[in-house]
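Enquirer: Sequence:
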Amino acid sequence: MNKFLIESKEDLEILIINTATKMGISQAVVEKDYWVCVVLDYLFNESKWKDAFTFKGGTSLSKCFRLIERFSEDIDLILDWRVLGYEKNEPWDKRSNTQQDKFNKEVNQKTEDFLQNQLMKDMERDFREKLHLSFEFFINEQEPQSIQFEYPKIFPSPYLTQNIKLEIGSLAAWTPAMEVEIEPYIGEYYPNVFKEKTKIRTVSPQRTFWEKATILHQEANRSENKRMPRRYARHYYDLYKIANSEVKIFALKDKDLLEQVTKFKMKFYPCNWAKYEDVLNGNLKLIPDQYRFDEIQKDYEDMREMIYGEYPDFEELMKNIKEIEKELASKLNN
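According to our numbering, the stretch in the sequence shown is residues 15 to 348, in order.
Hints listed in this document are in silico derivations from the structure and should not be mistaken for laboratory results. For clarity, every value in this text was computed on a predicted model and none was experimentally measured. For each residue, glycine too, the CB sits at the ideal point set by N, CA and C. What you were told as hints is all true, and nothing was included just to trick you.
Here are the simulated lysine-lysine pairs, DSSO-like style, with alpha carbons at most 27 Å apart:
(1) Lys240 - Lys299
(2) Lys64 - Lys213
(3) Lys135 - Lys64
(4) Lys135 - Lys179
(5) Lys289 - Lys336
(6) Lys299 - Lys312
(7) Lys102 - Lys269
(8) Lys64 - Lys209
(9) Lys240 - Lys333
(10) Lys209 - Lys62
(11) Lys36 - Lys213
(12) Lys23 - Lys167
(13) Lys336 - Lys240
(14) Lys340 - Lys269
(15) Lys23 - Lys36
(16) Lys333 - Lys299
(17) Lys167 - Lys144
(18) Lys23 - Lys211
(19) Lys62 - Lys213
(20) Lys167 - Lys135
(21) Lys62 - Lys102
(22) Lys240 - Lys281
(23) Lys167 - Lys179
(24) Lys116 - Lys279
Okay, the calculated beta carbon distance ranges per label pair:
(25) Cys285 - Gln113: 11 to 21 Å
(26) Lys289 - Glu24: 47 to 57 Å
(27) Asn122 - Glu24: 38 to 48 Å
From just these sequences and the hints, can you work out the full model?
Expert: Structure follows, in structure tokens:
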């Protein structure tokens with residue numbers, strides 16, 4: 015966190031106000047982005063566990079690759095399961111469905127114990143040494159694989175969750191990955207504030223493309239009596255944005271990666287209605303039945319404040335997703 019830590023609250027406040035004005039977004043978003051970068055710098059450069067993490071998810075798409083213009087509130091991290099005592103390929107051992115379910119639960123429990131008894135305590139100690147402001151790390155009982163960071167706040171927000179949630183899971187694939195440099199929005203507009211950017215390891219955007227596509231495939235097969243999780247509309251927006259970049263071209267050349275992503279989900283996150291076997295047969299379904307549209311649209315409109323760039327209207331968004339679905343069907347079956 016040393017690279018980005020601004021000790022003067024007054025200096026930080028002025029920089030946030032000016033950056034928010036230049037970007038045309040809320041001060042609370044710039045403030046949270048700053049603390050997200052402070053945490054990432056710590057995790058990948060100062061933590062004793064720095065070699066065990068890989069960054070993934072929506073925040074990686076925006077901070078690392080500029081593929082989306084959506085502020086993601088959480089930090090999604092993969093924890094190398096070797097930290098928990100497993101061999102590199104041990105989770106892939108062949109097991110019965112019952113044995114696999116037992117193994118998955120065991121890994122999750124070990125992850126929760128590690129977060130509670132190791133990582134959170136280390137973060138608390140290390141941040142206390144350098145951050146002389148009011149903050150707190152805690153874990154909610156309802157989300158035992160997430161560490162919440164209640165960072166020092168200057169700017170309140172009625173819509174932004176003003177904690178940073180570190181979602182850390184071990185049952186996730188960390189390859190292919192690459193090293194990239196990131197910095198807070200403040201550094202982009204005031205390049206002399208920080209001496210350097212920070213390097214972090216992140217999952218490749220090609221893998222994230224297929225992760226998002228298979229999420230939409232699962233949602234397209236969700237039955238009418240099962241509600242879509244909140245804030246899932248972001249996956250439609252994210253896929254739309256990634257598909258309008260060269261990442262899609264590279265992803266389509268790597269069908270093996272799609273197979274890896276799908277088989278990983280089938281083994282570690284089985285879902286009897288997701289129809290992942292259809293994906294393996296080249297039939298990726300991205301568009302749900304019509305009864306789901308109102309729910310997705312409401313969720314999409316609720317996330318409007320989190321998008322600081324192009325905001326396609328819902329009809330355009332779904333039209334584009336349909337075109338992507340057609341293109342994938344054509345390319346995957348050739």
